[in-house]
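Participant: Spelled out from the first residue to the last, the chains are:
Protein chains: 2
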Amino acid sequence: MIKNTIEEWHNLVKQKDAAGLDKILADNVVFHSPVVHTPQTGKPITKLYLTAALHVLNNDNFKYLREVVSGQNAVLEFQTVIDGITINGVDMIAWGEDGRINDFKVMIRPLKAINLVHKMMGDMLEKIKK
Amino acid sequence: MIKNTIEEWHNLVKQKDAAGLDKILADNVVFHSPVVHTPQTGKPITKLYLTAALHVLNNDNFKYLREVVSGQNAVLEFQTVIDGITINGVDMIAWGEDGRINDFKVMIRPLKAINLVHKMMGDMLEKIKK
Chain L
1 MIKNTIEEWH NLVKQKDAAG LDKILADNVV FHSPVVHTPQ TGKPITKLYL TAALHVLNND
61 NFKYLREVVS GQNAVLEFQT VIDGITINGV DMIAWGEDGR INDFKVMIRP LKAINLVHKM
121 MGDMLEKIKK
Chain C
1 MIKNTIEEWH NLVKQKDAAG LDKILADNVV FHSPVVHTPQ TGKPITKLYL TAALHVLNND
61 NFKYLREVVS GQNAVLEFQT VIDGITINGV DMIAWGEDGR INDFKVMIRP LKAINLVHKM
121 MGDMLEKIKK
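Chains as they are written, first to last, in the numbering used here: chain L, 1 to 130; chain C, 1 to 130.
Bear in mind the hints are in silico, worked out from the structure with no lab data behind them.
Certain hints may be false.
[Claimed, not checked] If we take Cβ atoms under 8 angstroms as the criterion, some of the chain C residues that face chain L in the derived model are: (1) Pro-34; (2) Met-107; (3) His-118.
C-beta atoms are modelled at their ideal positions from N, C-alpha and C, and glycine is treated no differently.
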């Protein structure tokens, strides 16, 4: 049981705690990438993508901006800078009665930023899988 | 004075009421496109972009999905299908004490959808400007 999902999420991001994903993700969590339409279902694949994202996006420039939270839904707007390109995006997070995240969707703007993140995420997923 | 900004926004979208933008947008509204980093400032340019978006995105397939609203911020998730490509996005809307929208940001996923919307918005802006 997780009392405050978004508080836990922020702790996890601050500590770059990829192992903590095990606790906060529901077994049947679905991940929706900013690049590809097809949803990714299940904890292992979602963990893989979020671990890669923690490595790629979560640098010293990373910060959350707006947070809109209502019921069991949150939208956390973030910003970071990589290679001089500003990356602006949202984590759209939904959770169940037990507080565990069952849906995680990411959108990114502008176009230049998506193309960069697409490339970097691909490289990082290759590295992690090895 | 607008009592319920999001209710007014939904009416405007349903009726494809581009003229209604005059009432709902603040004079100093800032528009952030899904494609370009630089914000567009002011009512005339924001009206232009939102009018084009009402034409391009708001077809018979258009529907809003999740809505997360808190204080003077709302995130409205939408979906539509154009040329067989599913377009998933968010309208991130903020408003002032008078209920008028002072910040409007759009993000779109997946990559294929952004590229399509980018092209269609370019064509539509050309048409509207003429």
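Participant: Holds or violated: is the Cβ of His-118 (chain C) closer than 8 angstroms to a Cβ in chain L?
Facilitator: Since chain L brings a Cβ to about 7 angstroms from His-118 (chain C), closer than 8 angstroms, the hint holds.
Participant: Is the hint on Met-107 (chain C) kept, meaning its closest Cβ partner in chain L is under 8 angstroms away?
Facilitator: holds, 4 angstroms
Participant: Is the interface hint for Pro-34 (chain C) satisfied, with its Cβ closer than 8 angstroms to some Cβ of chain L?
Facilitator: holds, 5 angstroms
When the structure is compared with the earlier hints, no violation turns up for any of them.
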